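The whole structure should be built from the sequences, with the hints applied where relevant.
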Amino acid sequence: MRNLSIQAHLFVFKLTYLVLLIGCFGFGILNAQTSFDIQAFSDSTKYGWQNYLDRATYREDITNRQNLLQLYELEALPLRTNLIKSAVIPGWGQFSTKNNSKATIILSIELVTLLGSLYFYDQAMVNYNQYKTATQIDEINRYYSKAQTPYQYAIMLLGLATVVWGYNVFDVVISTNEYNANLWQDIMERQKSSPLQITPSGLEWRF
Amino acid sequence: MRKILLILLILGALLVSACGLKRSNPLDPVGNPALEIPGTPSGLRYTTSGSGPGTKFVNLTWDSNSSINTDGYYIYRSLAYFNTFAVVDTVLHINGNLTQNFIHSSADDSTVLPGDYWYRVSAFKTYHGGRLEGRFSEPLFVRLP
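The listed protein sequences derive, respectively, from chains Y and V. Start counting the first sequence at 1; every next residue gets the next number (this note's numbering). Start counting the second sequence at 1001; every next residue gets the next number (this note's numbering).
Just so you know, these hints were derived from the structure itself, not from any lab. On a predicted model such as this, the values are computed, not experimentally measured, just so you know. Where hints are given, some of them may not hold.
[Unchecked claim] Output of the computed footprint for chain Y on chain V, the stretches with three or more beta carbons under 8 Å from beta carbons of chain Y:
#1 1019 to 1026
#2 1051 to 1060
[What the hints assert, rightly or not] Keeping only pairs whose Cα atoms sit at most 27 Å apart, straight-line, the calculated BS3-like set for lysine-lysine is:
#3 LYS102/Y - LYS85/Y
#4 LYS132/Y - LYS1022/V
#5 LYS98/Y - LYS85/Y
#6 LYS132/Y - LYS146/Y
#7 LYS146/Y - LYS1022/V
#8 LYS98/Y - LYS192/Y
Beta carbons: idealized from backbone N, C-alpha and C, even for Gly.
Structure follows, in structure tokens:
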């Protein structure tokens, strides 16, 4: 008798669970169908075109922009590469961004300061070696003074070279960003002005 | 931008002021304050051998330095005031004497001949790094007949 009662309760419970489950699914499906707006989905004017001609023009414009973007990606200078170039040889990155005057000035200053620093360091070491072996008090003082002055020039020039190198690295970031920003404008101009176009897929002649 | 430039200038000044050459000479009194600089010999005077045949010599005498900073003396000679002076001999300092003495004789050195010479003297003190030589005395003109 008791087992029968348990089975009845279990059956009622299962039935309730099934009804609730079906109810949830049914409500979801009905609700989904009512909220989906098929007319809004199929409305072609939402993208800005009013007819098929507009749509075709729009598509052509997108295709052109994609081509230009590919061209931009081909011609744009990667910042990291330019940074490494300028870090290795100051001014190299600026040469790549077509800032030839600035690049020449940076490279020249860097060469002059480094070579000057090397020259004064060499002078300092000649006197410093004599200082190290001197035994007479006047000679000790004289050679030390003669070594100290060119050594300070060498350090100053090395400091200047470091400052110029730092500026060069800082400048190449700005130069590269400017170059890439102008490049897009330049590509657009070229595209408009010339009937002969360079595209990622090759040359194209427009009539 | 100005702040960056200012920082760079300060860094540069620090770099320059911090980077002096090391006083690595073991005989440099600036790098080794324990070293005593030998005093400059003073009161240098001379007598010479007479004219005529025989041994020629120049007898140099000068006032004694303090034995605290002097172990000996270098004797230099030159043919002119501005010429290079060459060491002719080394004399050890004799404690207790008021004057020190050196005889430059043709008996020991064949270059001692009649003529005009310039002599000067400097003191030295021996340290573990070598001999630290002090300043030179004023050159003394000597005419050897």
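Cross-check of the supplied hints:
Counting residues of the stretch 1019 to 1026 of chain V whose beta-carbon sits less than 8 Å from any beta-carbon of chain Y gives 6, enough to reach three: the coverage restraint holds. Counting residues of the stretch 1051 to 1060 of chain V whose CB lies closer than 8 Å to any CB of chain Y gives 0, so the stated coverage by that chain is violated, three being the minimum. For the suggested pair LYS102/Y and LYS85/Y, the alpha carbons sit about 15 Å apart, so the restraint of at most 27 Å is met. Proposed proximity of LYS132/Y and LYS1022/V is supported: the alpha carbons are some 10 Å apart, at most 27 Å.
Restraint check: the Cα-Cα separation between LYS98/Y and LYS85/Y comes to about 14 Å, which is no more than 27 Å; the hinted pair holds. The hinted pair formed by LYS132/Y and LYS146/Y meets the criterion: a straight-line CA distance of about 12 Å does not exceed 27 Å. Simply put, LYS146/Y and LYS1022/V have alpha-carbon atoms about 14 Å apart, close enough for the 27 Å limit, and the pair holds. This hinted pair checks out: LYS98/Y and LYS192/Y have alpha carbons roughly 23 Å apart, not beyond 27 Å.
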